[in-house]
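Produce the entire structure from the sequences given, and follow the hints as far as they go.
Counting the sequence shown from 1 gives a position; my numbering is that position plus 5.
Calculated from the structure, these hints are not laboratory results.
Please note that a few of the clues may not be correct.
As the list claims (entries may be wrong) - With a Cα cut of at most 27 Å, we get these calculated DSS-like pairs of lysine-lysine: (1) 166 - 213; (2) 239 - 339; (3) 134 - 166; (4) 213 - 239; (5) 166 - 128; (6) 134 - 7; (7) 149 - 339; (8) 7 - 128; (9) 239 - 149.
What the hints assert, rightly or not - Computed spacing ranges between beta-carbons, pair by pair: (10) 77 - 120: 26 to 36 Å; (11) 191 - 29: 25 to 35 Å; (12) 152 - 120: 41 to 51 Å; (13) 51 - 243: 47 to 57 Å.
In this text, all values refer to a predicted model and were calculated from it rather than measured experimentally.
Each residue gets a CB set at the ideal place from its N, CA and C atoms; glycine is no exception.
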Amino acid sequence: MKTRVVIVDDSAFIRRILSDWIQSHPDFELVGTATNGEEAVELAHRLRPDVMSMDIEMPKRDGLSALGQIMRECPTRVLMASSLTTQGATATLQALELGAVDFVTKSGGSLGPQRQDFLERLKEVSVAKLGSPLRKQPRLLTAKAEGDRVVVIASSTGGPKALSTLWSCLPPVFPAPILVVQHMPPGFTTSFAARLNSLGTVPCVEAKAGDPITVGQAYLAPGGFHMTLGEGRKIVLDERATLHGVRPAADYLFASVADHYGANTIAVVMTGMGRDGADGAAQLKRMGARTLGQDEATSTIYGMPRAAKEAGGIDAEFPLDELAAAIVASLGRKKTHAA
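In structure tokens:
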């Protein structure tokens with residue numbers, strides 16, 4: 006059965022391009038197009054598509070307003086299109102918080118991604134799990150680390166919302182540095198780091214080359230750069246080729262952290278398509294590190310956690326609302342040794 010798609014964009018040029026792409030793909034069926042948010046809401050109700058591709062900036066009613074109503078009244082998998090601006094990045098993060106699964110970027114009025122990239126994103130979104138209700142997690146008040154510890158996190162599709170949920174549950178005084186790779190393009194990670202920082206638990210910044218990592222501080226890999234640890238446990242950023250089709254890639258980070266922290270690492274693999282983080286988690290687990298995965302039920306896409314589990318890189322899986330407690334408990338565990 007084909008995936009039923011609705012396109013929402015005020016540009017006739019963009020609608021025509023996307024329509025051609027979708028109609029030429031054997032797995033998709035174009036069932037409707039809309040030019041503004043009002044029409045998008047109407048089509049979501051009437052057609053009940055499997056996935057919608059929707060612009061953020063539209064006349065009459067913008068994408069954010071329409072998305073909010075759609076997710077309240079007839080939850081639908083949505084791929085947002087966002088401009089490459091600070092304002093566009095902020096709006097995109099709001100869309101992800103409202104329930105959009107993922108986004109593609111556009112610049113100068115034209116869609117940024119190439120045909121294959123757009124269709125791959127659309128395919129990922131079409132199989133994503135719509136948000137499931139989470140139990141309210143009480144704020145953890147204290148955490149202690151057994152020894153010199155570090156936490157590393159990998160996430161992709163569904164990650165921004167999942168990380169925000171995780172962050173809201175972490176204790177504000179955190180006894181280790183946190184290093185995060187979230188697959189995002191350049192221009193978006195600055196706003197996302199600020200979003201995590203605003204939640205009032207662990208302070209978060211977009212990493213800069215040469216930053217020495219410190220206890221109680223989180224560092225988000227900037228879009229377009231791989232992030233690793235170098236001499237003196239300082240941040241190293243580089244633009245070598247993509248790994249698993251992404252840059253930043255968590256496997257590079259995990260491998261470098263293994264050199265500096267070994268068994269004193271807590272590695273977390275969260276929601277996302279693909280297998281980034283799987284090899285690094287397996288390497289760390291062999292060294293005696295504690296490795297955690299987000300469970301299938303709460304993952305928007307269970308690709309990365311599944312790959313890490315199948316690679317033998319996961320000690321235990323947890324629902325999203327229990328991950329913070331699992332991380333804190335792991336910090337307090339005595340160091341283990343690889344067999």
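Going back to the hint list, which numbers does this structure go against? none
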